[in-house]
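Asks: If you're matching them up, the sequences are chains R, F, S, A and Z in order.
Read in our numbering, the first sequence has 173 at position 173, and its numbers run on one by one without any break.
Read in our numbering, the second sequence has 268 at position 268, and its numbers run on one by one without any break.
Read in our numbering, the third sequence has 269 at position 269, and its numbers run on one by one without any break.
Read in our numbering, the fourth sequence has 17 at position 17, and its numbers run on one by one without any break.
Read in our numbering, the fifth sequence has 24 at position 24, and its numbers run on one by one without any break.
The set of hints was computed from the structure by calculation and includes no laboratory data.
Model, not experiment: these values are computed from the prediction.
A few of these clues could be false.
[Claimed, not checked] Each computed DSS-like pair below joins lysine-lysine, with the alpha-carbon atoms no more than 30 angstroms apart:
no., chain 1, residue 1, chain 2, residue 2
1, S, Lys145, S, Lys186
2, S, Lys256, S, Lys374
3, S, Lys145, S, Lys199
4, S, Lys374, S, Lys332
5, F, Lys173, R, Lys44
6, S, Lys47, S, Lys193
7, A, Lys8, R, Lys44
8, F, Lys173, A, Lys8
9, S, Lys332, S, Lys269
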Amino acid sequence: MSARTETRTPDRTTADTVLEVSGLTKTFPAGQSLLARLRGQPRKVVQALTDVHLSVRRGETLGIVGESGCGKSTLARTLVRLYDADSGSVRYDGAEVTALQGAALRAYNRSVQMIFQDPYSSLNPRMTVGQVLREVLGVHRMRPPGQIEARIRELLTLVGLPHEAAGRLPHEFSGGQRQRIGIARALALEPEILIADELVSALDVSVQAQVVNLLLELQEELHLTVLFVAHDLRLVRHLSHRVAVMYLGRVVEVADTATLFTAPRHPYTQGLLAAAPTLEPGTRSAEPAISGELPSPLNVPSGCAFRTRCPQAFGRCAVERPALLPVQGGEVACHLYDPQGPQGTVIP
Amino acid sequence: MTAVTTVPAAPARARRWPKPTLLIGLTLLAVLIVAALFPAALAPHSPTDFDYEAILQGPTARHPFGTDNFGRDVLSRVIYGTRIDLQIALFTTLFPFVFGTLLGALTGFRGRWADAVVGRIADLVVVFPFLVLVIAIVAVLGPGLTNMYIAVSAVGWVSYWRLTRGEVMSQKKAEYAQAGRVLGYSPSRILLRHILPNAVTPAIVYLMTDMSLGILLGASLGYLGLGAQPPTPEWGVMVADGKNFMATAWWISTFPGLALTLAGVTFSLIGDGLADALRPRA
Amino acid sequence: VTRGGQLVYGRYADSLFLDPVLNDANLDIWILTNLYDTLLQPTSDGKGVQPGLASRYAASSDGKTMTLTLRPGLKFADGSPLTAADVKWSLDRARQPEAGAWSSSLASIDSIAASGQTVTLKLKRPDPTLPAALATFNAAIMPQKLFTAAPGKNDAEKAKAFAEKPIGSGPFVLQEWKRGSYMVLKRNPYYWKKGEDGKALPYLDSVRFEIIPDDNTRILKLQAGELQGAEFIPLSRVAELKRDPKLDMMLYPSTKVSSIFMNNRPTLKNGSENPLSDVRVRQALNYATNKDALIQVVTFGTGKVMKSFMSSTTPLYDTNQKGFPYDLAKAKALLGATKYKSGFEVSVMATSGSADDLALLTAMQQMWAAIGVKLKIEQLDAATKTARYRANDFQMRTGAWTNDINDPSQITTYFAVYDNIESVHTGFKSAEIDKLFEQSQQELSRVKRASQYRRIQTIYQQAAPIVYLYETPYPVALLKKVNGFVQIPLGNNIFAGAWLDK
Amino acid sequence: MHTTYVLKRLLQIIPTFLAVMLLVFLLVRLLPGDPASAILGDRATTEIVERTNRELGLDQPLPVQFLIFARNLLSGDLGDSISLKVPVMRLILERLPVTLFLTVYAAVLGVLMALPLAVLAAVRRNTWIDGVIRGVFQVGLSLPVFYVALQLLTLLGARLGWFPIGGYGEGFGGHLYHLFLPALTLGLNLAAVLVRTLRSAVIEVLTAEYVEFARAKGMRPRVILSRHVLRNALISTVTLLGLNIGALIGGAVITETVFAIPGVGRLMVDAIFGRDYPVIQGLTLTFAVLVSLVFLMTDLLHARLDPRTELS
Amino acid sequence: MTALLEHGAAATTGTPLLSVRDLNVRIPTPSGTLHAVRGVSFDLQPGEMLGVVGESGSGKSVTLRALLRLHRPPIQTSGEVHYGGQNLLTLNDQGLRGVRGGQISLIFQEPMSALNPVLTVGEQITENLREHKGLRGRAAQERAAELLDLTGIPSPRARLSDYPHQFSGGMRQRAMIAIALASEPRVLLADEPTTALDVTIQDQILRLLLKLRSELGMAVILVTHDLGVVAQTCDRVAVMYGGRLMETAPVTELFRQPLHAYSLGLLRSLPGVGAQRVPLVPIPGGPPDLRVTPGGCAFHPRCAYGDDACLGAEPPLVPVAPGRDSACVHADLLPPPGSVA
Ligand SMILES: Nc1ncnc2c1ncn2[C@@H]1O[C@H](COP(=O)(O)OP(=O)(O)OP(=O)(O)O)[C@@H](O)[C@H]1O
Ligand SMILES: Nc1ncnc2c1ncn2[C@@H]1O[C@H](COP(=O)(O)OP(=O)(O)OP(=O)(O)O)[C@@H](O)[C@H]1O
Ligand SMILES: [Mg+2]
Ligand SMILES: [Mg+2]
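Just chain R, with the same shape it has in the complex (with noise of 0.2 angstroms):
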C-alpha cells in the first residue's frame, strides 16, 4: 500500500525555506461507545492532517486554502504548537521545533506568532488594549520597563489605532479594529512568521479591504513571512504568492498564485476555482463544480481522499495515495501527473 516513502527532493529545501513541514500527521481521538471498546475496535479517530509536506520560504505569503474542515487550522495550531504533531517534523530555520518545551517553545512562538479567526472570541472581554499589549510585552520582556508605554503607542499606530485605544474595551471596538488589535498582539513580539488564521473571514467586504492593506503594509515594512489560511479564494489570490490547496488532511497542490489560478491541475482545485462565484455575472458553468459532500474526517476515502467526488478518479485512485510530486510551477497530489503516466505502477 504505502507505495511512497521516498524521501523529499533536495531541491525542496532551498536556502531562503524558513518553515519547512514534512510528514506531518495529526489525528484528534473521537468518541467511542464502551462496547465498541471492549469488542476492540480500533478507537476511532479524526484525521486532521495526514502527511503534510509544505515549505515556507522566507518573506513570502504562503495562502492555504481548503473546504471547511480540511485541516487548515488544524495545520496553523501544529505549527504554533498549539497541538502536538502525531508524528512528522515541523523545521524552523532548520531546527526542529516539534519537540520544544519551555523557554525554547517560548522563543519559537515568538518568531511564529498567529493571528486567530474571531474578532470576537481571540480578545479577552476584561482585558483593555493597554493591558492586553502591557501583558505580552512585559512578559517576553521585549521592551525595558520605561518603554513599554512607548511601544504600545508605537504599536497602536502600526496597526492603525488611536492611541486612546489603549484605555478600551475590546467590545468598544468594531470587528476590524479588532483584529487590528490582535495583529498588533502578535506584532509586539515582533515575530518572523505570522500565521493569520481566516484573519478576515469574518469580516465586511469593505473592513476586509482595511485589514488586507494593513497586512501587506506590514508585510512590506517588517518583512514578514505570512501564511494566510482562508476560504476566500479571490483574497488569497490577491494576497498570496504561493498558495497550497489542502483536502481532508492533506496537501494536493502547492503552485504559484498565478499557475494555480490559471492552470490547476488537480481536480479538487480546478473544482473549487470553478464553484467560487466571479463577479461577472452571468459566468455560471452549466454543470457543479464539484457533486457530493465532503467525506467524514473520521473515514477518509482509501487511495487519493477526493476520488469519491472527482469527475476523473479510476481504479488507481482508490488504492494508492497519489504523493506530492514536483510539476511545473508547484506540486501535485494527484496520479493523472505521474510522471509515469496515470496509470502508475500499481495492480490493477
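Following the hints, put chains F, S, A and Z with the ligands in place on chain R, whose structure we already have.
Replies: What follows is chains F, S, A and Z with the ligands alone, placed relative to chain R:
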C-alpha cells in the same frame, strides 16, 4: 509607514450604568449592612433583655413589631438579627465559593486524573444525605453557627466546582486562551489572569442564590435545633420560635419572616444584576 | 356513659417497643398499661395502689411473704385463660437481673409460687415498695404460652417477635401498627373490669394513636376535629386553648419535676476547680432563682414551685418542705461568704432544640447575673448530652424527672442515693440519707417511712445538689365530647374508662 | 437502547456506594454519645449501658464491626433498628415509598406550577405579569419551608378545611389528597428554583432561531409553544429537576415533621438523634443509591428528550 | 411565464408579486431606538431572483423578517407589504399564518439553529405540510421524502427520521429549503442561505435555488453579502446601507456601472482580478449609528464623492435610468468600478 489614520473612531463608548435591578439590590444590601454594623444605634431596645411586664404584646408605639414570649422587643431582635444572618450568608458561602471555584478552575484546566478524583468525591458528597452530614458534624462539634458553616462548606463547594469547571473547560477553548499559549504565557497566567475572570461569573451569580439558601438552611437547622443558638436573634430561628404563637401573636414570626424575604430579594436582585453586569460585552 | 366509637388521640412520637420488661422509654411505658395488666394498679391520683388482676393481696406480719389472689375467670385478649403460672412466669422474667433497668424494682423477691388462683411471693426482706412495684408496667402479666411460642432463639428475640403482635390482658389489644404513623388498639372483650353500666370495660371500641410530631399540627388537627385528644400541648398555648369552647384543656397533675443538676465534685472532668462544690454557692444559686418568674416565662403559669426534690404528687412528699424561696439578699450573702463573692462563670448543658430549656436558661442567665454568676449555655443533642453527663463531664445540666413507680423510693435512689448513679451524677453523697434510705426500704410502717423521707428531703434540700425549679402538669387537650380519660401522675394514659358523647 | 451506558453508570455507582458505606460507618461511630445512652436515657447505670452495648455488638473493635456490617449487607441484611427493634430493611421498605410518593408528587406539582408560569413570565417578560410571577416565587424562595408549610396548613387545612391536616391517607387517592399540602409546600420551593432557571431557558428558546423559523412557517402559536418551545424548555427542566430531586428527597424531613408523614426523612432524624446506627447506615446507603439512580434516570431522560446528547 | 424566468430578464413591468412601500422597523434598545429599516420600498416580480446586499448591520435580515411581520413588540414595523391584494402588515393573524410559510417562505443562514434540534427533519417537514397542505400520515411522509429528494438529499426516506444534528451543514441547509418548499410557496425569502457553507456546497445550493425557481416559478429574495453570489445568481440587486435601499438595478448593470457611491465602494473594495498584492480600496470608516437620524445621506461620512449636496434631507430612491433606481445625489458622477479612483 503610513498609519491607517482613517480608521473610524470606535463606536461611542457605551457607558454601562448598572441596571436598576442591581442598583436596587445594592441599595437594599447597603441598608442591611448598616443594620448589621450599627444595630445598637438603630434598635430601640436590647435584643435579649426580658420584660416580664410586656410579654407577647402586639405592635405598639413602644414596640413597633411587638414583643415575644419573653417580652423582648421583636424590632430590636430583627435589627440585631441582620448581622447574624448576613454572617450566615457570608460564612456558608465563602469557603465553598473560594475553594470550589479554585478547584474547578484547576481541574477544568488541567483535567485528567485530578478531575476524575474530584469528580468521584463530588459524587460522594452529592449522594450522601446532607442532613446526616450536618447533624453528624454538629453533633461532633456541638451545635451553633460555626459548626453549621463547617457542615455546609463540606458540601457546598461541589456546586461551585461544577460551575467553574464547566465554564473553564469551555473558556479554555476560546481563542483568547489559545492566543495566550501562542503568546508564550505560562499556564498559571493563562488560567488565573485570563480564563478565571471570564469563567467565574456563573459562580458569582450562583453565590447570590446560595447566600439566600444559606440563610434558609440556617432557619431549617434552627427548626431542628441545630442552627443559631438562643438568645442569638437569628431570623430563621425567630420564625421557628414564633411558630407556636402564630395564632395568638403573629408578629413574632411575621417580622423576621419579612426580614428573610427582604434578604432573599436583595440577594436575588444582586444576582440578576450581576449576571447582567458581569457578562462581558462581546 | 356511652359505649362504642373510636377515640383518635394525637401523640408527638410513636412507641418504640411494646415489651413491658425490656423497654425503656416513656413513649412505651405510658401506653403499655392499656395493653398489659398488672396484679395491682396505681390509683388515679397516683398516691396509692388498688387491686388489679389480683383482687386481694396480703403481706405476712414479718413482711417477708406476700400472697396475691387472682380474680376468677381472667383471660388474655385472645381468650386464653390467665393463670397463676402465667403470673409466676411473668414476674420471674421481669425480675431476672438481665431484664433491663427495671428488674431492681422486684429485687426483693426471692421466689414465687403459684397454685390455683394464688400467687405467693417469698421475699428476701420486707419491702414496703413491693405493692407499688407490682403496679408498675414491668410487672405486667404476659401469656407464657404465647410468648414462648414466639419465634426466636432467646428471650430477647422472642420479645421482639411477640412485641410485634402483643397479647396481654389489658383493656385493649393491638390491632394495627404502622410505625411512625398510627397505632390502633381495639377493645379487649375479655377485660375483667366493669364500667359504670355494669358491663365490661372499656367503653370505647378502639383507640387510634396518630403520630404528629409538630405541636402546631397536632393542635390544628385537634381543632379541626380530626383528633379527639392531643398530648403534649406546648405550655405556651395552654391559655389560648383553654379559651377554645370546643376543647377541654386538661392539666393532669404529674410527678414531673424540673431542676438543674449540678456537679458537686470539687473538680470538673477537665481538672478545673468547681465552685459548685461549695454548698453555699449551690444554695446561693437556688435562692437567686426566681421560680415564680420562671413559671410565668417557661410554663406560662401552669407550673408550681418545686419545694422538695420529689414532686408534691409523690407518696410521702413532705408538705412542710420550703424549698428555696426567691431571696436575692440571702443569695448574695451566701455567695459573699465564699471565695466566689465576685462571681464566677458556670456552664450548663441544654438539650438543643428544646424550647423549654432555652427559655429557662435564657431567663436564668439574667437572674444569676444579679449575683455575678455568668451562665454559659451549651446546647447538645440529647444523646451527646447524656453521654457527657454519664461520664460526669459537665458542670450543670437541665433535667426533668417523672416517677414510674408509685413510691418515693424510685426518685430517691436516683437523686439522693450515691450508689446507684452517683445521685444523678451530681456526685452528692450523704451517709445519713444512704442509711435512712436503706432503712426505709424495709420499713413497713407508713408513718415511720414518712418520717424517714421527711428527713431525707430536708437533708437533700440543705445540701442543695440541684437547683430546684418547678413542677409541671401533663397538658392534654381533649374535645369536649371526650370523657373519662385520665393521665395519671406517673404519665400512664388510661383509656379504659374513656368514652365519647354521641 | 443505551444498555452499555446504563451498565457503565451502574458500575460507577459501586465505588461511590462503597465509599458512602465506609464514610457513614465511621461517621456514626464518631458521633459522641452511643446508642445505649440514647435509648436508655439519663437513668441507666453503667452496667446496664455496657450490657446493652455488648448485646448490640458495639464492644467489638471497629474493623470487626465493619466486616460484620459489610457481610450482612452483602446478604441483603441491614441489621435491626436499635430503638425500634425491627429490621432496618423493613422500616425502609415501609417508609421509603411514602417519601418517594411525596417527592414525586412534589416534583410533579412543582413542574406543573413552574412550567406554565415560567413560560408565561418568559412570553410576557419585563411586564407586570413577569414581575408578579418572579416576585411571588422569590418570596417563596426566601421563606423557610416550615413557615410556608405551617401557613398552608393553617389556611388551606384548618381555616378553609379543604385539605386534611397532616397524615398520609389510605390508597392512591387518599395519598393524593392527604399529601397535597406537603407536596405543595415542597413543590412551591422547587417551583421557585425552577421558575428562575426555566424562565431564562424559555426566553432563550423563544428567541432561538428555530422558533422564529416556526413562526415564519406559519405555525399556530399553540403548536409553536407546545412542539417547539416546551419540548426544548423541558430539556433544561429535566436536568434541573434531576439535580434538585436529591435535595428534595433529603429535604423532606421538615415537611414530613410538620405534616406528620411517616417517611424516611423523619426516620432519619430520629435515628440520628437516637444514634440508631443501623438505621442511619441503611438509610444513607439507600439514599445514595436512590440519588445515583435519579441522576442516571435524569441523564437517560435528557438523552431521550434531546437527541443531540451523546451518552458516554 | 418562461420569459420571466430567463436569467436577467425579469420584467420591470407587470403586476409585482410582492410590493413593499415605505417599510420602517424601529427597535427599542436601552441606549435608544434603532431605526433599523428606514423607508424601504421595492417590488418583487413573479419568478424574479432579487439579491439584497449590504454590509453587516445594514438591515437586510430585519427587512426580510419585517416582510412576514415576524418582529414582535416592542419592535415596531410600519409601512405596507402588499401580497395578493393584502397588506401583510395589517392582515389578521390567521390570514397572516396562511401567507407565512404557505405563500411566502423564509430560510435562514444558520440551519443548525433554525432547525429545531429535538424534532426529526421529517417531523419538521410534515408539520408544515399539515399546516398548509392539510397532508397527514402516510401521504405527508411520502411528500416529505419527495421534498428531501428534490433538494438532492440521498436516500431521503431514511433520512426523514434523522435529527438535524445528524446532517452535515449542506444537508441541513437543503433540509431547511425542503421545509420551506413544503407548502409550495410563491415567494422564497432566503437570508444568507450559503454564507456558512463551503464554496462547493454553496455552488450546489445556489444551483438548487435556481432550479427550483425555474421549476416551481417562485420568486426569490436572496440576502447575501457576497457580491459574487449576487452576480452569479440574481436577476436584480438591491443595495442596502444603514437601513435604507441605496440602489436597485439589474445585476449586469450594477456590476458594469454602479449608480450609487456606496455600491461603487463595495465593488471597489474587492480584490480585482488583475493586480496582485496592491492595496485594495476600502470604504473608510464604519457603519452608521442607527440610533441617530443622519443629517443627509447616511453614507455621506464615508463617501469619497460626498459634498454639501448630500446633506440636508436624506436623498430618496429615485429612478435614474431605465430599470434603475438610486438614492445617490451624484449618481451620474460615478466612474465604473474598474477605473482607478
Ligand atoms: N480539537 C479538536 N478535537 C477534535 N477534532 C478536531 C479538533 N480540531 C479540529 N478537529 C477536526 O479536525 C478536522 C480539521 O479541522 P480544522 O479546524 O483544522 O479545519 P479547517 O480547515 O480549519 O476548517 P474551517 O475552514 O472550518 O476552519 C475537522 O474534521 C475537525 O472536526
Ligand atoms: N432584535 C434586535 N435587537 C436589537 N437590535 C437589533 C435586533 N435585530 C437587529 N438589530 C440591529 O438592527 C440592525 C440591522 O440588523 P440586520 O440583522 O438586519 O443586519 P444585516 O444586514 O442582516 O446584517 P448581517 O449581514 O450581519 O446579517 C443592526 O444594527 C442590528 O444590530
Ligand atoms: Mg479553521
Ligand atoms: Mg443578517
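Asks: Now tell me, hint by hint, if it's right for this structure.
Replies: Do the hints match the structure? See the list:
no.: 1; hint: Lys145(S) <-> Lys186(S); verdict: holds (22 angstroms)
no.: 2; hint: Lys256(S) <-> Lys374(S); verdict: holds (28 angstroms)
no.: 3; hint: Lys145(S) <-> Lys199(S); verdict: holds (29 angstroms)
no.: 4; hint: Lys374(S) <-> Lys332(S); verdict: holds (14 angstroms)
no.: 5; hint: Lys173(F) <-> Lys44(R); verdict: holds (22 angstroms)
no.: 6; hint: Lys47(S) <-> Lys193(S); verdict: holds (21 angstroms)
no.: 7; hint: Lys8(A) <-> Lys44(R); verdict: holds (20 angstroms)
no.: 8; hint: Lys173(F) <-> Lys8(A); verdict: holds (28 angstroms)
no.: 9; hint: Lys332(S) <-> Lys269(S); verdict: holds (28 angstroms)
The structure agrees with every numbered hint stated previously.
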